[in-house]
Amino acid sequence: MTPILKISSLCKQFGGITATNNIDLNINEGEIHAVIGPNGAGKTTLISQLSGDLKADKGAILFQGDLITNMPSNKRSLLGIARTFQITSLMLDMSTLDNVALAVQAHSGHSYRFWQDARQDNQLIEPALYVLKQVGLLGPKDIITRELSHGEHRQLEIAMALATQPKLLLLDEPMAGMGGEETQKLIAILKRLKTGKTMILIEHDMNAVFSLADRITVMVYGEIIATGSPKEIRANQKVKAAYLGDEELQTC
Amino acid sequence: MEKATRFTLRVKITVVIFLVLFFLPIYTGLTDNGFYLDLVNRLMILAIAAASLNLILGHGGMISFGHAAYLGIGAYCVGIPAYYGVDNGPLQIFLAVAASGIFALITGAICLRTKGVYFIMITMAFTQMVFFGFVSVEEYGGDDGLVIDTRSNFGSFINIQDNINLYYFILISLIICLFLIHKITKSRFGLVIEGSRSNEQRMRSIGFDTYRYRLICYVIAGCICGYAGALLGNFTNFISPEMMDWAASGELIFMVILGGTGSLLGPVFGAAAFVILEEWLSSLTLYWHFIFGALLIMVVLFARGGISGIVTYLGNRKQ
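Protein sequence lines correspond, in order, to chains A and B. Quick note: the first sequence, position 208, residue 275 per our numbering, numbers continuous. Quick note: the second sequence, position 48, residue 989 per our numbering, numbers continuous.
Okay, chain A solo, but in the shape it has when bound (with noise of 0.2 Å):
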């Protein structure tokens, strides 16, 4: 498998403290790579350096050959990289179908048109829909997305960044503040997306990590302690000792 994306000594400091401390990684084409660690750990910088709501320090990330290390979030999108935020970050005044429709704008031409109706506009709707099915959104599709249930922000959360049509997806907790049934339907969800997609997932569900991930990163202080299979990962001391402790690793 060639790497999609390479990450090499990548640092951040916000004050006196590193985040992200000489991060180096290699994603692969079509794999889901997991990014697990305590709180604090520096997976949400990780994320948000890669998709370029945060700046480098030090360090340079390749995307698929392009050194992407100074791009503005815009410019990274439209190559091929969207993310979702742990902190639900959606247009919350406008409807269900209008987030999503907006993000498949963003990547059919320039939005300088000033005379079409935008919302009877079928490149848009089309797709928009179709991703809306695909998450299982098409119900509140006309409600203002401030009336949406906190599961429902999470399952739009990823219907936005799938509709961009990114090559990589950075999910950042999509699972956070579920409930089992809900998180359920997520994996799955996420099964189906697996093909043709590269993902790089940050998750505390253990368990929603070990049944998606081809490959784990354990990250501990800004740091990477492990990289490897789930197997790998499981069977690994350092992690054991440091994040997982052997109570949770046995009932995965």
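I should point out that these hints are in silico values taken from the structure, not numbers from a laboratory. Note that this is a predicted model, so its numbers are computed, not measured. Be careful, since some hints might not be right.
[As the list claims (entries may be wrong)] Keeping only pairs whose Cα atoms sit at most 25 Å apart, straight-line, the calculated SDA-like set for lysine to any residue is:
{"id": "1", "chain 1": "B", "residue 1": "1127", "chain 2": "A", "residue 2": "121"}
{"id": "2", "chain 1": "B", "residue 1": "1127", "chain 2": "A", "residue 2": "211"}
{"id": "3", "chain 1": "A", "residue 1": "208", "chain 2": "B", "residue 2": "1227"}
{"id": "4", "chain 1": "B", "residue 1": "1056", "chain 2": "A", "residue 2": "183"}
{"id": "5", "chain 1": "A", "residue 1": "261", "chain 2": "A", "residue 2": "288"}
{"id": "6", "chain 1": "A", "residue 1": "142", "chain 2": "B", "residue 2": "1153"}
{"id": "7", "chain 1": "B", "residue 1": "1124", "chain 2": "A", "residue 2": "179"}
{"id": "8", "chain 1": "B", "residue 1": "1124", "chain 2": "A", "residue 2": "180"}
[To be verified] In silico negatives: residues of chain B with every beta carbon more than 10 Å from chain A:
{"id": "9", "residue": "1021"}
{"id": "10", "residue": "1026"}
{"id": "11", "residue": "1144"}
The C-beta atom is built at its ideal place from N, Cα and C for all residues, glycine as well.
Assemble chain B onto chain A, guided by the hints.
Showing chain B alone in chain A's frame:
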């Protein structure tokens, strides 16, 4: 069903307003009462200006405290050529729109790099610069302003030297501007502007260069308001820096909020309420500003959607 009722009340009110506007000159002509015509002229010009501000403030979330600058620039683009004997209407209008657009492009490029209260302050600062700029130019009257001897000349077909013709010229301008703004807000571009107000980070994250879209929107609003300024110069036959005083910008914000941000007719309601209340209250008491302030507080506290929101509410209740 609910939607249909809301629609009809709104449409009814709109139709009534524009019917009144359309037939007003006949009424004032019969009763020989030019005062109302002047009042409504001012109202309609301010409605165009407020509608353009609503485009950036209501739809785009860009709270500009310097929007009156374009009223002034537009008016001076009529006044200064007229001062040199150039009364070519299309040329004056072109100058007004172009100068406003360029001013919006330059200042917007800087202002839009800031957020929140800084944006408010910096838009105000740029407008004050223009204000003091015109105060210092003695040639064009400085502080005292300048009387415009002739109105814009659009040839014999549209002769706005005549007050009735000027009135219809302004009315048609208002309708066209509202229609343009309506089209823009519903378009792809409009959705990007709305999305950027709602969540700019996410808009960037899904691939939009929000800065550029917002800047273009800022320029469009400036151009429309510059056009309103050109009308204002023609209507008052007088230009003065006072048109772009920071208080004038505040009044435009007042109209937008009073009428209801983000709705198409809100600014028209707001401008109407402003002009009529100003006229009425100032005839009652010297302290009419006080009542004005209290009213704005009431609207912000109890009727967030402004007059437009109240119309929607009544429309819903009626069914």
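**Request:** Measure nothing beyond the straight line between the CA atoms of residue 1124 of chain B and residue 179 of chain A; if it is 25 Å or shorter, mark the hint as holding.
**Result:** Between residue 1124 of chain B and residue 179 of chain A the Cα gap is close to 13 Å, so the pair holds against 25 Å.
**Item:** chain A versus residue 1021 of chain B - minimum CB to CB distance exceeding 10 Å, so not interface
**Value:** Correct as stated: the minimum Cβ-Cβ distance to chain A is 31 Å, above 10 Å.
**Asked** Are the Cα atoms of residue 1127 of chain B and residue 211 of chain A separated by 25 Å or less?
**Response** holds (17 Å)
**Item:** Restraint check for residue 261 of chain A with residue 288 of chain A, where alpha carbons must lie at most 25 Å apart
**Value:** Given pair residue 261 of chain A, residue 288 of chain A is violated - Cα atoms ~30 Å apart, limit 25 Å.
**Message:** Run the distance test for residue 142 of chain A versus residue 1153 of chain B: straight-line Cα separation, threshold 25 Å.
**Reply:** Since the Cα atoms of residue 142 of chain A and residue 1153 of chain B sit roughly 13 Å apart, the hinted pair holds (cutoff 25 Å).
**Asked** Is the straight-line distance between the alpha-carbon of residue 1124 of chain B and that of residue 180 of chain A 25 Å or less?
**Response** holds (10 Å)
**Request:** Say whether it holds or is violated: residue 1144 of chain B keeps its Cβ farther than 10 Å from all Cβ of chain A.
**Result:** violated (7 Å)
**Prompt:** CA of residue 1056 of chain B to CA of residue 183 of chain A, is that 25 Å or under?
**Reply:** violated (30 Å)
**Item:** Separation of residue 1026 of chain B from chain A, once the least beta-carbon distance is taken, above 10 Å
**Value:** holds (37 Å)
**Message:** Next pair to validate is residue 1127 of chain B with residue 121 of chain A; report whether the Cα-Cα distance is within 25 Å.
**Reply:** The given pair, whose Cα atoms are some 32 Å apart, is violated under the 25 Å limit.
**Message:** Check whether the Cα positions of residue 208 of chain A and residue 1227 of chain B lie no farther apart than 25 Å.
**Reply:** violated (53 Å)
Checked against the numbered hints listed earlier, the structure breaks hints 1, 3, 4, 5 and 11; every other hint is satisfied.
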